[in-house]
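Chemist: The lines below spell out each chain.
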Amino acid sequence: MSSTTTTHDAHGHDDHGHPTGLMRWVKSTNHKDIGTMYLWFSFTMFLFAGALAMGIRAELFQPGLQFIKPEVFNQLTTLHGLIMIFGAIMPAFVGFANWQVPLMIGAPDMAFPRLNNMSFWLLIPAAILLLASFFVPGGAAAGGWTMYPPLSVQGGMSVDMSIFALHILGVSSIVGSINIITTIFNMRAPGMTLMKMPMFVWTWLITAYLLIAAMPVLAGALTMLITDRHFGTHFFNAAGGGDPVLFQHVFWFFGHPEVYIMILPAFGILSTIIPTFARKPLFGYASMVYATAAIAVLSFVVWAHHMFTTGMPVAGQLFFMYSTMLISVPTGVKVFNWLATMWKGSMTFETPMLFSVAVVFLFTIGGFSGLVCAILPVDIQLQDTYYVVAHFHYVLFSGAAMSIMGGVYYWIPKWTGHMYDETLGKWHFWLTTIAFNVTFFPMHFTGLAGMPRRIPDYSQQFAEFNMISSLGAFALGLSQLLFLYVVIKCIRGGAKATNQVWDGAQGLEWTVASPAPFHTFETPPQVK
Amino acid sequence: MIPEKPLIDLEVKQSRNQSSANGKLAWRLSLIVLAGLIFGFAIAPIYDVMCKRFGLNGRADSVATNFDKSIKIDKTRWVTVNFTGNTMPGLAWSFAPKTISMRVHPGEISLTSYTARNNANNSVLGVAVPSVTPEIAMLSFKKIECFCFKQQTLRAGETREMPVMFYVKPDLPKDINELTLSYAFFNGLPSADKAGLQASALRALN
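Quick mapping for you: the protein sequence lines, in order, are chains U and V.
Be aware that the first sequence starts at 0, since it is given in numbering that gives the first Met the number 0, and climbs by one per residue.
Be aware that the second sequence starts at 0, since it is given in numbering that gives the first Met the number 0, and climbs by one per residue.
Rather than coming from a laboratory, the hints here were simulated on the basis of the structure.
Every residue, glycine too, gets a C-beta built ideally from N, C-alpha and C.
Treat the hints with caution; some may be incorrect.
As the list claims (entries may be wrong) - So, partial list: chain V residues that the calculated Cβ filter (under 10 Å) puts toward chain U: (1) ALA25; (2) GLY35; (3) LEU36; (4) TYR46; (5) MET87; (6) ALA183.
Modelling step: build the complete structure from the supplied sequences, incorporating the hints.
Modeler: Below, the structure written as structure tokens:
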């Protein structure tokens, strides 16, 4: 008796029953509850930023201006980008990390449960600032999610709100990442060496390092923007001896690692799902780890490929072109490893596997179009056209977002204790995949033909392809409501999930009950 | 009950060790965050140095150079220098080169000028930012005197001739025989004024 009391005091939290009501969530230090909140936050932001995209596609349905004024159109594209990246994709991955990392490494919780609570609740004021910026004089920030000066120096108070929101989100990400790294290094179950960790944990470990190295650089860029706007410095003002191109260097020094921050955890999810449904261990585990690390290191030396046309010496352009192309080597290692994992496996195609196979295929298309953009003379033609829009939606929607959906289907039986509706899940998959391709594949053609991005109107010649893209986009948007329905249905009931859930699933998370109890692994499991 | 005691101590000790190890690692990781933050700001001066060194984005171009007497005029070679200039939004000036184009020998000192007129009803501060294309020529294009070295103030309606004294160094790459000097005239910022005021206030204090 005295033994349990002392131990619990030392752990700093009580487990005398289950906290209930609103305060369960507000004051939660439980990694599962915080993970759930992250995922719901992300889903809400995903639907909101998706609604902004619907506005964009409605305007682009036909040439000419129909529904939306040009300045509002610019606000929609800017906030769609900002919210999808910082509000939807990144928090979704942090939600997965919260739920899965402690379960996968056999830890009772995250290393710093209270900081974990803070990381989540910082998201709320940031989201409010971003959403409220639509209602201030002048409307939301309209200079693009990259916030290049001089537009971002000239913009109204909504730019300040966006900058402040990003500062808050940055603090949240940094604190969250320190928490994740500490959890992974210090709280693994006895016997789980680094090279025995599940691939998802590895990808998050490396992502967390990228975050703590890259987010402060963004904070630097944003702070310089603030002082330029309000305190009379001229970092980015040519009249005062500054240079707007400097901002692009600082921003993309953060921005390119950010790209991998949004895709490496997706790679981790794929590397978990594919072996399960191929019923074979992941092919080339060690090479996967090294490839992930290689991508992370290379991500810091490729930033200027985002700014080939800003006036760089040819030697610089060539360096960034070759270093960018080099990234396709470790990425290729990963793609081939997934294919080899599937090779001659006893594959079944449940919804998570459908999403994973589609991601491998579609992400590779996005990877190849990225390689096309990396070729210097081609990029000079393609930069700021719809080809680039097609490229980054293939990597961010069919790479990151669809992996997140696959991951939700894969782990939701463990989270809720119920199986989701497989038929509806498959409907969601096929609707999403087909609608996604109908939306974004034609953009390769409009881009090659020279249609500029971030413009509310276009020349007649692009009319047909834009109409197809818009129809696809509306279908894509509506299909996500089906996803919402499937998730809610699964939470409310459904066939009882077994502890193992998937017969090919490996790992500690499948040894605990479904739904996962409020406290797990209070005595660490032994890993052989 | 007695043999249980050491067990408790052990558990407490272990969990204390755990949390102090966690804390230590977290502080070490925040050093990476600090390094990232410092580097983010350090990019600004690094960028400045790189631009001056490699002649990018006008940075090598806004300082006066003394003519190097040892430079010989290369009479065998002609270089065409074109002049252009424009005003940026927010500056109600007319601004144009008096000569559009000149043929010069490398190593030869030449003089040309621009004309600026203030169309506003009050006196206005302007700052000219030069640039040379092709960019690679920037390191070989030297200005001895230029209106871009300091801010220019024009009274309401005032017109001023603004001279540029320059030479092209003979090390200009052989395949370049034409280059363009361009100026963008910006409105001198109120904040630039403020910075100037602060500087003079500091000088007064010392």
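Chemist: Taking the hints in turn, state whether each one holds.
Modeler: Results for each hint:
no., hint, in the structure
1, ALA25, "holds, 5 Å"
2, GLY35, "holds, 3 Å"
3, LEU36, "holds, 4 Å"
4, TYR46, "holds, 5 Å"
5, MET87, "holds, 8 Å"
6, ALA183, "holds, 7 Å"
No hint from the list above goes unmet by this structure.
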